[in-house]
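Undergrad: Spelled out, the chains give:
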Amino acid sequence: MKVRSGLPGIRKALYYVMALMLIIWLTLIANVILFVVIAIRYHQETPEYVLGGEVMEALTLTENGYELSVPMQTTLTQMRQWAMLLNEDGEVIWSYRKPVEVKESYTRSEIARMSKWYLEDYPVYLRVWDDQIMVVGIPKHSMWKYNVQCPTPWIDYIKNIWIWIVLFDFSLVLISAFFFTRKWSKNREQVRIEWISGISHDIRTPLSMVMGYSDALQNSENLSVEEKRQMEVIRHQSIVMKELVEDLNLTSRLEYSMQALRVEKLRPAAVLREVAAAFLSDVSEKEADIDMVVSGQAEEIWTEADRQLLIRAFRNLLNNSMQHGEQQETTVIALRMWKERRWCCISFADNGVGYSQELLNQLHSRKKKKIVQNIGGLNIVQKIVLAHGGKIRFENNKHGGSFCEIRLRAYSMKSK
Amino acid sequence: MELYDYKIMLVDDEPELRRMVKDFLVKEGFRYVVSAGSCREARAVYQREQPRLILLDVMLPDGDGFGLLQEMHKESEVPVIFLSAKDEDEDRLHGLGLGADDYITKPFLPKELILRVKAVLKRVYRVKEEDKESELIRLGVCSVDLGSGLVRWNSARENVSESSKTKAQELTLTAKEYAIIEKLAANRGRIVTIDALCEAVWQEGNYGYENTLIVHIRRLREKIEEDPSHPKYLLTVRGLGYKLI
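So the sequences go chain by chain: H and S.
The opening position of the first sequence corresponds to residue -2 in our numbering, with each subsequent residue numbered one higher.
The opening position of the second sequence corresponds to residue 1369 in our numbering, with each subsequent residue numbered one higher.
Honestly, I wouldn't trust all of these hints.
[Unchecked claim] A partial selection of chain S residues facing chain H, derived with a Cβ cut-off under 8 Å:
| # | residue |
| --- | --- |
| 1 | Glu1384 |
| 2 | Val1394 |
| 3 | Glu1396 |
| 4 | Gly1397 |
| 5 | Tyr1400 |
| 6 | Lys1454 |
| 7 | Asp1459 |
| 8 | Lys1474 |
| 9 | Leu1483 |
| 10 | Arg1558 |
| 11 | Ile1559 |
| 12 | Ala1568 |
| 13 | Asp1595 |
| 14 | His1598 |
| 15 | Tyr1601 |
| 16 | Leu1602 |
[What the hints assert, rightly or not] Ranges of calculated distance between the beta carbons of each label pair, as one might list FRET restraints:
| # | chain 1 | residue 1 | chain 2 | residue 2 | range |
| --- | --- | --- | --- | --- | --- |
| 17 | H | Glu261 | S | Lys1600 | 46 to 54 Å |
| 18 | S | Glu1370 | H | Ala257 | 42 to 50 Å |
| 19 | H | Glu224 | S | Arg1587 | 43 to 51 Å |
| 20 | S | Glu1439 | H | Arg333 | 31 to 39 Å |
| 21 | H | Ser292 | S | Asp1513 | 19 to 27 Å |
| 22 | H | Ala257 | S | Ala1554 | 51 to 59 Å |
| 23 | H | Arg259 | S | Glu1417 | 56 to 64 Å |
| 24 | H | Val237 | S | Met1427 | 50 to 58 Å |
| 25 | H | Glu261 | S | Ala1554 | 21 to 29 Å |
| 26 | H | Gly195 | S | Ile1582 | 31 to 39 Å |
| 27 | S | Glu1445 | H | Leu220 | 14 to 22 Å |
| 28 | H | Ile196 | S | Ala1554 | 32 to 40 Å |
| 29 | H | Lys283 | S | Lys1600 | 46 to 54 Å |
| 30 | H | Gln294 | S | Glu1409 | 39 to 47 Å |
[Said to hold, decoys possible] Not close to chain S: a few residues of chain H, all C-beta gaps over 12 Å, as computed:
| # | residue |
| --- | --- |
| 31 | Val97 |
| 32 | Trp159 |
| 33 | Ile172 |
| 34 | Asp199 |
| 35 | Ser235 |
| 36 | Val242 |
| 37 | Leu306 |
Hints were generated in silico from the structure; no laboratory data involved.
This structure is a prediction, so every number in the text was calculated from the model and none was measured.
Yeah, the Cβ is synthetic: ideal placement off N, Cα and C, and Gly gets one too.
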């Protein structure tokens, strides 16, 4: 016996995943926009520091030594910057607003270091002019200055694989979102199933007593004919309620794919006969009759199905015919079974009033709408057949009466 | 020991249900029926009364029936039938997997409960119903004795020829005919499908014997029906199976 779980839940989870993906993308885009806005805004606010080149140009060599132009002096003062000029030996030969902690001479290694990082915590910029070096400093903590480097093969490699990295990220988000939402929706479904299961559980015990006592009283000798008839109605209706309670629980479990199919190999012809025989045994001859014809080939068909569910589906169809039969008339149900290529086809037809148009619309609509009418039993039939990968069709006969055709996947086996 | 002498213990937390089931069992003829409303009470009653069959609810106020079953099975192999308001397959399979002999889902019809109780008692203790009547199937003027596998005719058959009249008082059933009539009698009044009959006769590989079954049915009718061509007791239900009325 194999256990197979249904698929429809995945589709629902997929919707959640898509919604979540959309949210993630929107957040990402919003972040980028925010970043751009902040960058623009702070760019406007950030002071434009003077770096090496301009200072060099503003510096002229006179008889009294180096002289900085007045506008540049004003600018550097306003920006709280400083500048110094080193000769080829690393000695300061000129400076402007140089902080005291900054030394007067530098070794080559010190120059190399400051060119990359900081000088006494001042971010500095170097500009080489002939054999002299212009060093321009800006206020402490005003600039984040680091060297970024990367081996060329890395860059080449990343250029080649970046699309895969994006795809990988994408699928990672997809998968994690999928599992997350699936679990989330499962939990919600679980709550609903348990709620329905609880209701059906609570109804069962009281119903046991209604069924038990009405059954016992029906055979009581102290009751009048009329009272016995009434008792029979109570008994019959309590059995109807029992079926409804079972259907309710099963519907919710099938709806959320919580009902695992316990598939086994079986002969649909035998199962159908079993259901029909039990059905006929329970009703009086006047109430109903079954005309069952199984074509020779169909007799040999085997299929894989959940026996209990299949029985339930067949029984619900027979019960439905019984309920929709004309009053005062024997309900005749024609059962046909035949083989069509790889399908085992079973049809149920009766001489009753047929399905209402509303009910047919509801059964055939793909969307899950509110149940506008009690279609209870048939809804389950449909779910069971679909859960088995079968097909089902409801319609009305030309001569009136309902007609339902079920197709189940078949394979022939000569022996056992 | 007769079937009805076996002591039955009923464990359910709903007093009205206990009373109802007890009434049914007593009415059916069971002489000793005891009941308990909780796990604790059930343990005490079990120790005191030593029942031979337990009807056990799964949900009890101070524990669950599954646990109680395991507890009791440590001491003895007393047969247990679950009487549960849970109809999910998992519960049913869990219960049966623990070693319960049957699992009845509420709501149930009294007849169904009685039949299952009897079936378990018969199977576990290999008792035959003390009632010999049940082994004797009365079909108008003839009767089939399942104990000996004989068909007895009370009066001479009208349709048989003069010569065979005298020797036809007692007829022997073949093994296959016996299996068929036994199956039909067990479900008297109900339709038994061709498939179920084939399974009863040939056990496995029950497919493909339909035509042979027809032959056996015809021979059986020749033994039990006054007019085999117009049967009154062993009826054919076209397309479905047979019925013994």
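Undergrad: Work down the list of hints and note, for each, if the structure agrees.
TA: Structure-based check of all given hints:
no., hint, result
1, Glu1384, "6 Å, holds"
2, Val1394, "12 Å, violated"
3, Glu1396, "11 Å, violated"
4, Gly1397, "15 Å, violated"
5, Tyr1400, "21 Å, violated"
6, Lys1454, "6 Å, holds"
7, Asp1459, "10 Å, violated"
8, Lys1474, "4 Å, holds"
9, Leu1483, "13 Å, violated"
10, Arg1558, "4 Å, holds"
11, Ile1559, "4 Å, holds"
12, Ala1568, "13 Å, violated"
13, Asp1595, "21 Å, violated"
14, His1598, "18 Å, violated"
15, Tyr1601, "16 Å, violated"
16, Leu1602, "15 Å, violated"
17, H/Glu261 / S/Lys1600: 46 to 54 Å, "39 Å, violated"
18, S/Glu1370 / H/Ala257: 42 to 50 Å, "43 Å, holds"
19, H/Glu224 / S/Arg1587: 43 to 51 Å, "47 Å, holds"
20, S/Glu1439 / H/Arg333: 31 to 39 Å, "53 Å, violated"
21, H/Ser292 / S/Asp1513: 19 to 27 Å, "41 Å, violated"
22, H/Ala257 / S/Ala1554: 51 to 59 Å, "33 Å, violated"
23, H/Arg259 / S/Glu1417: 56 to 64 Å, "38 Å, violated"
24, H/Val237 / S/Met1427: 50 to 58 Å, "25 Å, violated"
25, H/Glu261 / S/Ala1554: 21 to 29 Å, "25 Å, holds"
26, H/Gly195 / S/Ile1582: 31 to 39 Å, "51 Å, violated"
27, S/Glu1445 / H/Leu220: 14 to 22 Å, "43 Å, violated"
28, H/Ile196 / S/Ala1554: 32 to 40 Å, "37 Å, holds"
29, H/Lys283 / S/Lys1600: 46 to 54 Å, "20 Å, violated"
30, H/Gln294 / S/Glu1409: 39 to 47 Å, "59 Å, violated"
31, Val97, "84 Å, holds"
32, Trp159, "50 Å, holds"
33, Ile172, "29 Å, holds"
34, Asp199, "8 Å, violated"
35, Ser235, "7 Å, violated"
36, Val242, "8 Å, violated"
37, Leu306, "10 Å, violated"
Checked against the numbered hints given earlier, the structure breaks hints 2, 3, 4, 5, 7, 9, 12, 13, 14, 15, 16, 17, 20, 21, 22, 23, 24, 26, 27, 29, 30, 34, 35, 36, 37 and satisfies all the rest.
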